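For the record, the sequence lines run as chains A and B.
Here the first sequence is numbered in numbering that gives the first Met the number 0, starting from 0 and rising by one per residue.
Here the second sequence is numbered in numbering that gives the first Met the number 0, starting from 0 and rising by one per residue.
Since the hints were made in silico from the structure, they are not lab data.
Computed from a predicted structure; not experimentally measured.
All C-beta atoms, glycine included, are put in the ideal place defined by N, C-alpha and C.
Treat the hints with care, as some may be off.
As the list claims (entries may be wrong) - One-sided and incomplete, this derived list gives chain A residues near chain B with beta-carbon spacing under 7 angstroms: (1) Met37; (2) Gln38; (3) Ser98; (4) Asn148; (5) Arg219; (6) Pro221; (7) Glu228; (8) Trp320; (9) Leu322; (10) Arg324; (11) Tyr327.
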Amino acid sequence: MVADLIESVAKIVFIFSINLGFFAPILGWVERKQSAVMQDRIGANRANIGKFTIIGLFHPIADAVKVLTKEDFVPAGANKFFHTLAPFICLVPAIATFSVIPFGGQYELFGHHVNLVIADLDVGILFVFALTSLATFGVVLAGWSSRSNWSLLGGLRASAQMLSYEVAMGLAIIGIIMVFGTLKLSEIGAMQENFLHWGIFIQPLGFILFFTCAVAENKRVPFDVPEAESELVAGYFTEYSGLKFVMFWMSEFLEIVTISGILTTLFLGAWHIPFVTDAMLLSFFQFAGPNGATILAMLVNIATFFAKVIFFIWLQMTIRWTLPRFRYDQVMRLCWKMILPLSLINISITGLVLLLWIK
Amino acid sequence: MSEIAKDLHTEHMVINMGPSHPVTHGTVKFLVTLDGETIEDLKVEIGYLHRGFEKMCESGTWYQVFPYTDRLNYVSPLINNVGYALAVEKLIGIDVPERCKYVRVIACELSRIADHMTNVAAGGLELGAFTAFLYFVEARELVWDLIEMLCGARVTTNYVRIGGLKNDLPDGFKQKTLEVFKRCRVLWSDVNKLLTKNRVFIDRVRDVGTMPAEEAIAYGFTGPCLRACGVPYDVRKANPYLVYDRMDFEVPIGETGDNFDKYLVRMEEINQSMRIVEQALEQLPGGPINVDMPYYRWQSKDDIYNRIDSLIFHFKTVIEGIKPPPGEVYLAVESGNGELGFYLVSDGSGKPYKCRVRPPCFPLTAAMPRMMKGRLIADIVPTFDMINMIGGECDR
Numbered sequence: 000m001v002a003d004l005i006e007s008v009a010k011i012v013f014i015f016s017i018n019l020g021f022f023a024p025i026l027g028w029v030e031r032k033q034s035a036v037m038q039d040r041i042g043a044n045r046a047n048i049g050k051f052t053i054i055g056l057f058h059p060i061a062d063a064v065k066v067l068t069k070e071d072f073v074p075a076g077a078n079k080f081f082h083t084l085a086p087f088i089c090l091v092p093a094i095a096t097f098s099v100i101p102f103g104g105q106y107e108l109f110g111h112h113v114n115l116v117i118a119d120l121d122v123g124i125l126f127v128f129a130l131t132s133l134a135t136f137g138v139v140l141a142g143w144s145s146r147s148n149w150s151l152l153g154g155l156r157a158s159a160q161m162l163s164y165e166v167a168m169g170l171a172i173i174g175i176i177m178v179f180g181t182l183k184l185s186e187i188g189a190m191q192e193n194f195l196h197w198g199i200f201i202q203p204l205g206f207i208l209f210f211t212c213a214v215a216e217n218k219r220v221p222f223d224v225p226e227a228e229s230e231l232v233a234g235y236f237t238e239y240s241g242l243k244f245v246m247f248w249m250s251e252f253l254e255i256v257t258i259s260g261i262l263t264t265l266f267l268g269a270w271h272i273p274f275v276t277d278a279m280l281l282s283f284f285q286f287a288g289p290n291g292a293t294i295l296a297m298l299v300n301i302a303t304f305f306a307k308v309i310f311f312i313w314l315q316m317t318i319r320w321t322l323p324r325f326r327y328d329q330v331m332r333l334c335w336k337m338i339l340p341l342s343l344i345n346i347s348i349t350g351l352v353l354l355l356w357i358k
Numbered sequence: 000m001s002e003i004a005k006d007l008h009t010e011h012m013v014i015n016m017g018p019s020h021p022v023t024h025g026t027v028k029f030l031v032t033l034d035g036e037t038i039e040d041l042k043v044e045i046g047y048l049h050r051g052f053e054k055m056c057e058s059g060t061w062y063q064v065f066p067y068t069d070r071l072n073y074v075s076p077l078i079n080n081v082g083y084a085l086a087v088e089k090l091i092g093i094d095v096p097e098r099c100k101y102v103r104v105i106a107c108e109l110s111r112i113a114d115h116m117t118n119v120a121a122g123g124l125e126l127g128a129f130t131a132f133l134y135f136v137e138a139r140e141l142v143w144d145l146i147e148m149l150c151g152a153r154v155t156t157n158y159v160r161i162g163g164l165k166n167d168l169p170d171g172f173k174q175k176t177l178e179v180f181k182r183c184r185v186l187w188s189d190v191n192k193l194l195t196k197n198r199v200f201i202d203r204v205r206d207v208g209t210m211p212a213e214e215a216i217a218y219g220f221t222g223p224c225l226r227a228c229g230v231p232y233d234v235r236k237a238n239p240y241l242v243y244d245r246m247d248f249e250v251p252i253g254e255t256g257d258n259f260d261k262y263l264v265r266m267e268e269i270n271q272s273m274r275i276v277e278q279a280l281e282q283l284p285g286g287p288i289n290v291d292m293p294y295y296r297w298q299s300k301d302d303i304y305n306r307i308d309s310l311i312f313h314f315k316t317v318i319e320g321i322k323p324p325p326g327e328v329y330l331a332v333e334s335g336n337g338e339l340g341f342y343l344v345s346d347g348s349g350k351p352y353k354c355r356v357r358p359p360c361f362p363l364t365a366a367m368p369r370m371m372k373g374r375l376i377a378d379i380v381p382t383f384d385m386i387n388m389i390g391g392e393c394d395r
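I would like the entire structure built from these sequences, with the hints used as guidance.
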């Protein structure tokens with residue numbers, strides 16, 4: 000009982016600290032630095048302590064200080080309650096979604112069963128969809144409560160876009176659920192131990208569709224029409240400043256991490272290294288004794304998982320700094336006329352193959 | 000459906016886009032009436048950058064107008080300098096030396112390259128393609144380095160004089176230009192790869208802001224926007240000034256006049272301008288850069304300090320200003336945006352009686368409502384960028 004409690008607390012603390020303490024601040028830096036590399040610039044390098052700048056890594060700290068000391072501005076005529084509530088509604092689901100994503104396998108450690116996922120829900124992937132749709136409310140509320148036309152337009156665009164892409168995203172993922180026969184993310188992860196059983200090889204079309212939808216759901220370029228800065232100033236968060244603005248900003252980054260986590264779990268073999276099974280890992284670390292070997296294997300798995308997550312983050316950043324932005328109607332057309340039919344085709348083909356050959 | 004719509008109480012949203020809005024660079028205001036996202040009505044309000052250019056010109060000497068012209072189209076100031084100088088020279092009847100003509104052509108074309116690069120880059124930036132923007136900004140930076148080498152300034156050049164130039168080409172200018180163009184061509188092809196065949200970019204700009212050729216002419220379009228409509232009108236070809244008739248260059252034209260055509264025309268003109276500069280550097284003759292007319296163009300400082308007649312001419316031209324004969328003149332040059340015309344009236348005194356500018360982007364801006372009605376609000380972004388309204392020139 001106590002061991003269970005310790006395990007849960009440890010996992011929650013770990014995920015919380017790696018998401019809020021590492022990914023959220025560091026992604027701001029990564030975005031600046033990566034765009035700088037892509038654009039022949041130097042990027043953030045000014046924040047320093049004495050002579051040390053460590054390639055601009057002090058910038059997240061400087062940003063945090065700046066944000067905390069900024070005026071918290073609420074426009075006249077805005078609905079103060081909802082205006083304050085909206086960023087929280089955006090941020091909380093973004094943090095909570097990661098709780099169902101397994102960042103490692105299941106291990107026997109000192110006679111205790113360790114499962115490296117905070118909440119191993121049977122309906123894991125549905126829980127993810129449920130929570131990400133909650134974020135839509137935050138965006139719509141932010142757009143509506145600001146009492147600004149730009150915010151309102153941004154909020155409207157966001158609601159239409161996010162609702163549409165949720166449908167497409169849900170359908171894009173049906174194929175892989177049919178193949179693995181479970182909604183439990185830890186089981187899906189465990190089934191991809193064999194390199195050739197990775198989701199990306201079984202469901203290549205599903206991967207592309209889901210990835211596209213995921214980027215759209217995150218409202219990142221090329222799908223950033225709700226916040227299109229050249230049209231709508233800043234879209235639904237035009238009237239936000241200080242910490243509330245940063246909450247939107249953080250929820251966007253955390254959504255990137257979460258989406259990367261889901262992509263890794265579903266399509267890129269979760270915590271598995273290609274061609275290396277769990278048994279091989281354990282035997283490789285035999286020298287450290289049974290418990291030591293398990294711990295080492297566990298650490299390797301966690302590292303593998305986060306390496307893949309970082310790969311997807313990098314991929315999304317690269318896309319963000321390469322492509323121009325869609326127009327609003329083009330985004331909707333892409334969703335309803337391209338992605339939706341393609342995912343339906345994907346589902347039919349998957350069903351046929353399962354029925355005729357695999358069964 | 001119509002039954003439902005009848006009960007639904009909907010209103011148009013009237014929204015102020017600008018004067019301080021990311022898309023309205025150059026400070027302009029659109030009063031947009033929106034039905035959802037569709038533009039029902041669009042009114043353009045200009046004048047936020049009005050600073051009384053024409054009146055200021057009337058209160059200074061003919062020479063003192065040059066710094067004001069820098070601030071017309073501040074992305075290509077050298078073309079404005081040249082345009083004004085040519086107009087005054089036509090009024091007086093000066094024919095500048097050959098070398099001066101060539102250097103002016105080089106200066107004009109460098110400015111045009113910078114102008115088109117800025118425009119295309121900003122177009123990418125506003126559609127979210129930040130990387131393409133910075134690639135062209137790097138290229139523009141190199142071109143501005145050349146301009147800095149030429150006249151010591153990057154934006155407010157003030158380089159051309161009536162009957163000559165401030166200074167001759169610096170040493171090693173040709174070599175530096177060829178090096179810069181080499182890098183510019185690499186960056187040009189990078190941007191070309193990032194945008195020209197980019198499906199997202201094409202979807203955003205194609206068939207947006209189209210204009211039939213007759214209507215474009217009726218509105219008074221000139222420059223790349225008119226050529227995108229398929230009318231091969233270029234002042235450099237139609238009415239050659241300086242030594243453009245000796246240069247071998249093409250005038251690219253489009254078909255439909257949509258934003259994609261405007262973009263392609265500008266991209267090709269960058270190439271053609273580089274060709275012109277290379278030819279001009281190749282053919283560059285020796286000789287003086289200033290006319291030998293001390294009443295209009297003062298002589299070298301050496302003469303002024305050592306010869307009494309030169310000193311007197313210098314004194315008279317500086318204190319009273321040069322005095323062109325009474326009369327009026329209109330002269331147009333091809334600026335980055337189109338036909339930049341100067342209408343000057345002289346009453347024989349040391350100050351211009353009237354100095355009127357025909358800004359090429361004024362008719363283009365006037366056509367915004369025509370191009371935008373019934374389109375989506377997001378279409379304002381590429382359309383307004385591609386007409387390249389420059390506040391300093393439009394509002395004066």
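| task | Could you tell me which of the hints above the structure violates, numbers in ascending order? | result | As far as the earlier hints go, 3 and 5 are violated by this structure, in ascending order.
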